[in-house]
Amino acid sequence: MGEHMAEIRIEHLKKCFGQECAVKDISLIVPDASFTIFLGPSGCGKTTTLRMIAGLESPDQGDIYIGGRRVNDTPPGKRGVAMVFQNYALYPMMTVQGNIEFGLKNRGVPKAERKKRVEEVARIVDLSAHLHKKPHALSGGQRQRVALARAIVKNPDVFLMDEPLSNLDAKLRMHMRAELIRIHQQLSATFVYVTHDQSEAMAMGDQIIVMKSGTIQQSGTPWEIYHKPANVYVATFIGTPPMNIFQRETLQSLLNLNYHHNHGSRHLHPEAHWLGIRPERIILLPKEHASQESTTVPSVALSTGVQIPGRVLTREMLGAETIYHLDTQLGLMQAKVYLAPPLEDDRISLFLPFEALHQFDHEERLLIAATPHQTRESIAL
Numbered sequence: 001m002g003e004h005m006a007e008i009r010i011e012h013l014k015k016c017f018g019q020e021c022a023v024k025d026i027s028l029i030v031p032d033a034s035f036t037i038f039l040g041p042s043g044c045g046k047t048t049t050l051r052m053i054a055g056l057e058s059p060d061q062g063d064i065y066i067g068g069r070r071v072n073d074t075p076p077g078k079r080g081v082a083m084v085f086q087n088y089a090l091y092p093m094m095t096v097q098g099n100i101e102f103g104l105k106n107r108g109v110p111k112a113e114r115k116k117r118v119e120e121v122a123r124i125v126d127l128s129a130h131l132h133k134k135p136h137a138l139s140g141g142q143r144q145r146v147a148l149a150r151a152i153v154k155n156p157d158v159f160l161m162d163e164p165l166s167n168l169d170a171k172l173r174m175h176m177r178a179e180l181i182r183i184h185q186q187l188s189a190t191f192v193y194v195t196h197d198q199s200e201a202m203a204m205g206d207q208i209i210v211m212k213s214g215t216i217q218q219s220g221t222p223w224e225i226y227h228k229p230a231n232v233y234v235a236t237f238i239g240t241p242p243m244n245i246f247q248r249e250t251l252q253s254l255l256n257l258n259y260h261h262n263h264g265s266r267h268l269h270p271e272a273h274w275l276g277i278r279p280e281r282i283i284l285l286p287k288e289h290a291s292q293e294s295t296t297v298p299s300v301a302l303s304t305g306v307q308i309p310g311r312v313l314t315r316e317m318l319g320a321e322t323i324y325h326l327d328t329q330l331g332l333m334q335a336k337v338y339l340a341p342p343l344e345d346d347r348i349s350l351f352l353p354f355e356a357l358h359q360f361d362h363e364e365r366l367l368i369a370a371t372p373h374q375t376r377e378s379i380a381l
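Number 179 in UniProt numbering belongs to position 179 of the sequence shown; there are no gaps in the numbering.
Because the hints were derived from the structure by calculation, they are not lab data. Using N, Cα and C, we set each Cβ at its ideal position, and we do this for glycine too. Treat the hints with care, as some may be off.
For lysine-lysine, the following DSBU-like pairs were computed, each having C-alpha atoms within a straight-line distance of at most 30 angstroms [unchecked claim]: (1) 134 to 115; (2) 212 to 336; (3) 111 to 133; (4) 115 to 133; (5) 171 to 111.
FRET-style restraints, in silico, Cβ to Cβ [to be verified]: (6) 316 to 41: 15 to 25 angstroms; (7) 233 to 63: 25 to 35 angstroms; (8) 369 to 338: 16 to 26 angstroms; (9) 341 to 115: 31 to 41 angstroms; (10) 109 to 72: 20 to 30 angstroms.
Make the full structure from the sequences, and use the hints.
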């Protein structure tokens, strides 16, 4: 396919519907040839932003640039973008080939050129053996690939995708994720992808833009979003299960720590109000170490963290990992343990390393990020 140069730049974009503002003064850059994901819950403004980039909605204020060209007044068909929707809307009476080449026919592309481009695109999306079939004879994943092929054949600078995999079953979604990553690498075009599914975003994106109520909460790589969340909202939106959040005050009173005279205080920022820990960073200890009077933790010194008693409410055994739902004096918590036999007893102890704590201020903004975990072996007891 052709060469693309398509950085997208958005400056102070705003869009309201009556009294409700779907997008509130956002600015961002989508790098050329990136796979950028707009991530957030329903109503966060991600689809409205995508539709403004496409030209299907007009912003109330702000500017949109594609490849350095301001496109606010450019009609959708002239922006060099192609959209792939959740509902693929194929023409049922046409073959796969007819569906893919329909747009080219309308633009008067000669038959030989159409045939060449359709065959090239069919190879990219693995549909070469299905060009003669009608949509009703295809699986959901194949129909989605036809919709993708229809976009690719236009040779756009930018692909805009609005929850394109949400109608597929879980196994097919996983397969299509990998396919989209491969296709993106092959085309070297700019992909902008909207989803509410954080695991989809983490798996596919090289840049994730987390949105909430029409605002951008954080923009960064999956690693940055996961390990250095800008605030409590991002911290709890990303991750399966999400980060455990509790008040510093609860921990202080529970352990009777005082800010100035306890070894724990030097690990906590003076302005920290909320503390968070990822489920996989909690170390679970069996019953023999779970006594509230216990002051020793095998292989881990208490000066490096805090130990609290807990009770197992439920276990989710997922093969390589087990997720524990726990009742603790810090509230309900979830822990994730890899490659270890499940703890049978309901009375256990939790060890929370200080270095694994994210610390947030009163406004829920990040003060100190946890030290990233280096190896699984380092948590072995």
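We went through each hint and held it up to the structure:
Taking the CA atoms of residue 134 and residue 115, the gap is about 17 angstroms. The hint holds against a cut of 30 angstroms. Restraint check: the Cα-Cα separation between residue 212 and residue 336 comes to about 27 angstroms, which is no more than 30 angstroms; the hinted pair holds. Of the pairs offered as hints, the one joining residue 111 and residue 133 holds, with about 19 angstroms between alpha carbons and a cut-off of 30 angstroms not exceeded. At roughly 16 angstroms between alpha-carbon atoms, residue 115 and residue 133 fall within 30 angstroms of each other, so this suggested pair holds.
Using a Cα cut-off of 30 angstroms, the hinted pair residue 171 and residue 111 is violated, with the two alpha carbons roughly 37 angstroms apart. A C-beta distance of roughly 23 angstroms is found between residue 316 and residue 41, which places it inside the suggested range of 15 to 25 angstroms. A hinted range of 25 to 35 angstroms for the beta carbons of residue 233 and residue 63 is consistent with their spacing of about 27 angstroms. A C-beta distance of roughly 22 angstroms is found between residue 369 and residue 338, which places it inside the suggested range of 16 to 26 angstroms.
Look at residue 341 against residue 115: about 59 angstroms separates their beta carbons, and that is not inside 31 to 41 angstroms. For the pair residue 109 and residue 72, the supplied restraint of 20 to 30 angstroms holds, since their beta-carbon distance comes to about 29 angstroms.
When the structure is compared with the earlier hints, violations turn up for hints 5 and 9 and for no others.
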